[in-house]
Each structure stands twice: as structure tokens, then as C-alpha cells.
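Trainee: The lines below spell out each chain.
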Amino acid sequence: MTAHSQVGTPAMQLVGSDLVCVRGGRQIFAGVSFAVGAGRALAISGPNGAGKTSLLRMIAGLLRAEAGRIECRDGASDLTIAEQTHFLGYQDAVKPSLSVAENLQFWSRYLGDGHGPTAPALEAVDLGGLSDLPAGYLSAGQRRRLSLARLIAVKRPIWLLDEPTAALDASGQARLSELMRAHTVGGGLIVAATHGPLGIDATELRLGP
Amino acid sequence: MNPLAAVFFRDMRIAVRVGGGALMGVLFFLAVITLVPFAIGPDLALLRRIGPAILWLGALLASLLALDRLFAGDHEDGSLDLILLGRAPLELVVIAKALAHWVTTGLPLVIASPVLGLFLNLEPLAIAAVMLTLLVGTPALTFIGLVGAALAVMLRRGGLLLPVLVLPLAIPVLIFGVSAADAAIVGPVPFGTPLAILCALTLISLVVGPVAAAAALRQGSE
Numbered sequence: 001m002t003a004h005s006q007v008g009t010p011a012m013q014l015v016g017s018d019l020v021c022v023r024g025g026r027q028i029f030a031g032v033s034f035a036v037g038a039g040r041a042l043a044i045s046g047p048n049g050a051g052k053t054s055l056l057r058m059i060a061g062l063l064r065a066e067a068g069r070i071e072c073r074d075g076a077s078d079l080t081i082a083e084q085t086h087f088l089g090y091q092d093a094v095k096p097s098l099s100v101a102e103n104l105q106f107w108s109r110y111l112g113d114g115h116g117p118t119a120p121a122l123e124a125v126d127l128g129g130l131s132d133l134p135a136g137y138l139s140a141g142q143r144r145r146l147s148l149a150r151l152i153a154v155k156r157p158i159w160l161l162d163e164p165t166a167a168l169d170a171s172g173q174a175r176l177s178e179l180m181r182a183h184t185v186g187g188g189l190i191v192a193a194t195h196g197p198l199g200i201d202a203t204e205l206r207l208g209p
Numbered sequence: 001m002n003p004l005a006a007v008f009f010r011d012m013r014i015a016v017r018v019g020g021g022a023l024m025g026v027l028f029f030l031a032v033i034t035l036v037p038f039a040i041g042p043d044l045a046l047l048r049r050i051g052p053a054i055l056w057l058g059a060l061l062a063s064l065l066a067l068d069r070l071f072a073g074d075h076e077d078g079s080l081d082l083i084l085l086g087r088a089p090l091e092l093v094v095i096a097k098a099l100a101h102w103v104t105t106g107l108p109l110v111i112a113s114p115v116l117g118l119f120l121n122l123e124p125l126a127i128a129a130v131m132l133t134l135l136v137g138t139p140a141l142t143f144i145g146l147v148g149a150a151l152a153v154m155l156r157r158g159g160l161l162l163p164v165l166v167l168p169l170a171i172p173v174l175i176f177g178v179s180a181a182d183a184a185i186v187g188p189v190p191f192g193t194p195l196a197i198l199c200a201l202t203l204i205s206l207v208v209g210p211v212a213a214a215a216a217l218r219q220g221s222e
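First to last, the protein sequences are chains D and W.
Under our numbering, read the first sequence as residues 1 to 209, first letter to last.
Under our numbering, read the second sequence as residues 1 to 222, first letter to last.
Think of the hints as simulated: they come from the structure by calculation, not from any bench.
Glycine residues also receive a C-beta, built at the ideal position from the N, C-alpha and C atoms.
Check each hint, because a few of them may be wrong.
What the hints assert, rightly or not - Away from chain W, derived, C-beta distances all over 10 Å, residues of chain D:
1) V20
2) I70
3) R73
4) F87
5) A93
6) Q105
7) A119
To be verified - Residues from chain W that face chain D, not an exhaustive set, calculated with beta carbons under 8 Å:
8) A6
9) V7
10) R13
11) I14
12) R17
13) L82
14) L84
15) N121
Kindly produce the complete structure, drawing on both the sequences and the hints.
Mentor: Quick look at the structure:
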């Protein structure tokens with residue numbers, strides 16, 4: 001694994017200012033601002049329903065902000081935030097009828113250029129021996145590892161992680177912290193919604209009361 | 001490999017594997033066509049006269065049946081969110097998905113239609129005419145259905161809404177598909193006229209469908 005390869009521009013900064021989120025006519029949060037620079041991580045915390053996932057989806061461009069703006073300063077200028085982003089939601093985007101390797105191959109071709117081999121990424125999440133198994137047979141934790149492999153197979157500077165440690169065992173969580181550390185060292189930036197400790201140094205952004 | 005080719009081949013693979021449902025449309029088509037002679041009795045002349053219309057109706061219903069899965073699977077497991085984060089234009093991605101869907105569900109209907117035409121006592125010329133109109137017309141059904149599928153995917157039980165959204169828009173295709181087939185068999189209109197309109201409908205849906213579907217998906221991702 002190329003842990004220290006550069007993934008983003010050194011001066012890259014993701015800035016959100018005065019964001020307001022309204023879902024189903026109800027205001028979830030208002031006046032939320034944050035800034036994350038290259039090599040930094042931001043941990044979003046808050047009670048259930050505080051809007052952690054909504055904020056991540058907003059950054060990814062999957063949800064429109066009612067007010068406020070999100071911008072990426074000094075990133076790769078010709079790409080939108082969405083095109084530089086990995087989104088790891090609570091769903092794993094794994095097709096049960098395709099094999100583990102086929103699932104990863106598809107995403108690495110679709111999200112990136114897909115030239116790199118996918119085997120090292122599978123090895124990095126301890127799924128190397130299961131590459132030919134239909135993904136329908138994977139456990140929840142293994143499916144989670146498979147979606148983490150996507151973040152390794154395709155290089156994108158911004159990682160948006162929604163409860164990344166969910167369903168992972170102790171070794172999986174340790175592996176995840178290792179991957180996140182390598183990503184920030186390489187100049188990437190991470191925004192994670194989490195209830196527990198993230199395992200890396202992160203600025204905290206608390207939503208809700 | 002190009003991202004669009006990746007989408008096309010992934011959807012093809014999923015459709016032909018276990019639980020993909022590629023053959024479900026053909027089986028439904030077969031069931032509908034087999035039931036018709038039981039319903040209207042063994043009147044061979046009548047069957048021959050209404051045969052093209054029955055085949056077209058069967059194909060329309062069978063293609064509706066599979067439409068539901070076009071985006072639903074990707075929506076349920078979160079793949080749709082990631083598809084929206086891709087660098088390829090969403091309109092083209094949607095075209096790739098629709099083409100894979102047509103090859104796995106529409107094309108089998110076209111291929112099955114000659115055999116089912118025999119069940120309805122159609123003459124070889126009529127069978128050829130129906131097959132040609134289905135070949136030209138089923139892509140229009142897929143690309144019109146694409147818009148409905150994209151709109152319905154965000155709603156719970158949206159699959160039930162889908163026929164209501166799509167059927168009215170598919171009526172012109174049905175009219176000109178059947179009238180082209182009829183024109184080849186009994187006349188008096190030359191075969192080319194309704195077929196040309198059918199081709200035009202397909203071409204319009206090829207352009208409008210993906211743009212509308214992509215817009216619906218972007219709005220619906222909230």
C-alpha cells in the first residue's frame with residue numbers, strides 16, 4: 001500500500017459557513033460552520049437526529065443546504081467537491097450477486113481511472129482470501145471492510161465517513177485508524193460522523209444541544 | 001475501462017446472475033400470450049387479426065414489470081449515492097444503465113416474439129413485421145420507463161406508482177407499433193409510414209429520457 005503518496009494539494013481546505021439544514025419542514029441545525037485543511041480530520045458528534053449524516057451528505061452534494069455555502073479552496077480546480085470525495089455511508093453499496101473482487105473493481109473503474117490492481121486494496125482490509133466469494137455471503141463487518149477497500153483503491157482527497165467504525169471488530173477498527181492516519185499524512189482530509197473515538201487526532205464539531 | 005462501460009457490464013452481470021430477473025420479463029410475456037387464446041377461444045381468424053396487438057400489449061406489460069428494478073436496487077444499497085459522486089455525466093451513466101436494462105429485458109422479448117407469434121397463428125410476414133416493430137419500439141419503452149423509474153425510486157412502494165406514470169407516456173409507442181405491424185399485414189397504409197413515426201418516437205425518448213431521468217435522480221437524492 002502506498003501510504004504516503006500525496007492525495008490532495010497541500011493548501012486544500014474544505015470550508016462550510018452558516019449551514020442550515022431543513023428536513024421535512026423541520027430545522028435540523030442552523031449556523032453550522034467548519035473548516036478542515038489538508039492533513040486534518042474533523043469529527044462530527046452529537047445525539048441521534050442532530051444532523052450528522054445530513055451534514056456529510058450536504059458536503060458530498062447529495063443534499064441541498066437551505067442556507068450557507070460549502071466550498072473547497074485551492075483543491076484541484078476543475079473538479080467539484082463531489083468528484084474529489086469518497087462517501088462512506090451507513091449503506092455499503094455492495095452487490096450480493098457479484099464477487100468481492102468484482103464489486104471493488106466496479107467502483108474503482110467507476111469512481112477512478114480503474115487502472116490500478118484491486119488486490120492490494122483487498123489485502124489492506126484483510127479480504128484478500130475472499131476475492132472470489134459472492135459478496136452476499138459476507139458478514140456486516142466484512143461488507144464494511146469491502147467498502148473501505150474502495151477508499152484505498154481510488155485516490156480521492158476528501159473522505160466523508162458516516163459511523164466508519166460501525167460493525168468493525170477491534171482489529172478492523174485499528175486498521176481503519178491506520179488507514180485514516182495514512183490518508184491525513186498523505187495530505188488528505190477527513191470528515192467523520194461518529195459516536196465513539198475515531199482513533200486519530202481530530203477537531204470536534206458538535207451538533208445539536 | 002471507461003466508467004460507462006463499467007456500469008453497463010456491471011448491470012449486465014447482475015441481471016444474468018441468480019436473482020437478477022433477466023428472464024422474468026420473457027416468462028411473463030409467455031404467460032400473457034398463452035392466456036389470450038384461452039380467454040377468447042379457438043377462433044384462429046380472430047387470433048390472427050388481433051395477434052400483433054396482443055404481442056405488443058404483452059411486451060409492454062413485460063417491460064413494465066422489470067422497470068421497477070432499474071434504479072431500486074442501487075437506491076436500496078446506497079450505490080446510487082456513489083453513482084452521483086462519479087465523474088462521468090449522470091445523463092450518460094443513465095444511458096449506460098438503460099442500455100444494459102434493454103439488452104437484458106427488452107431484447108429477449110424481441111427474440112421470443114416469433115415463437116409467441118406462432119401461438120397466435122400469425123403468418124411469417126406478420127411475425128417478421130411484429131418482430132421488427134418490437135425491435136424498434138422496445139428501446140422507446142425502456143427509455144420512457146427510465147424517467148418513471150427515476151421518479152419512483154425515491155418513494156416507498158414507488159414500484160406501484162410506476163405503471164401509472166409510465167403507461168400513459170407509452171401509449172403513442174403502442175399505437176404506432178401495432179399500426180405498423182397491422183399495415184404490413186392488411187394495409188392499406190404503407191408499412192413505412194407508421195414505422196417511421198415509431199422510429200421517431202424511439203429517437204425522441206433516447207434524447208429526452210436520460211436527461212429527465214438524470215434530473216429526477218439529482219432532485220431525488222435528497
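Trainee: Hints numbered earlier in the text: which of these fail when held up against the supplied structure?
Mentor: Hint check: 4, 5, 6, 15 fail, others pass.
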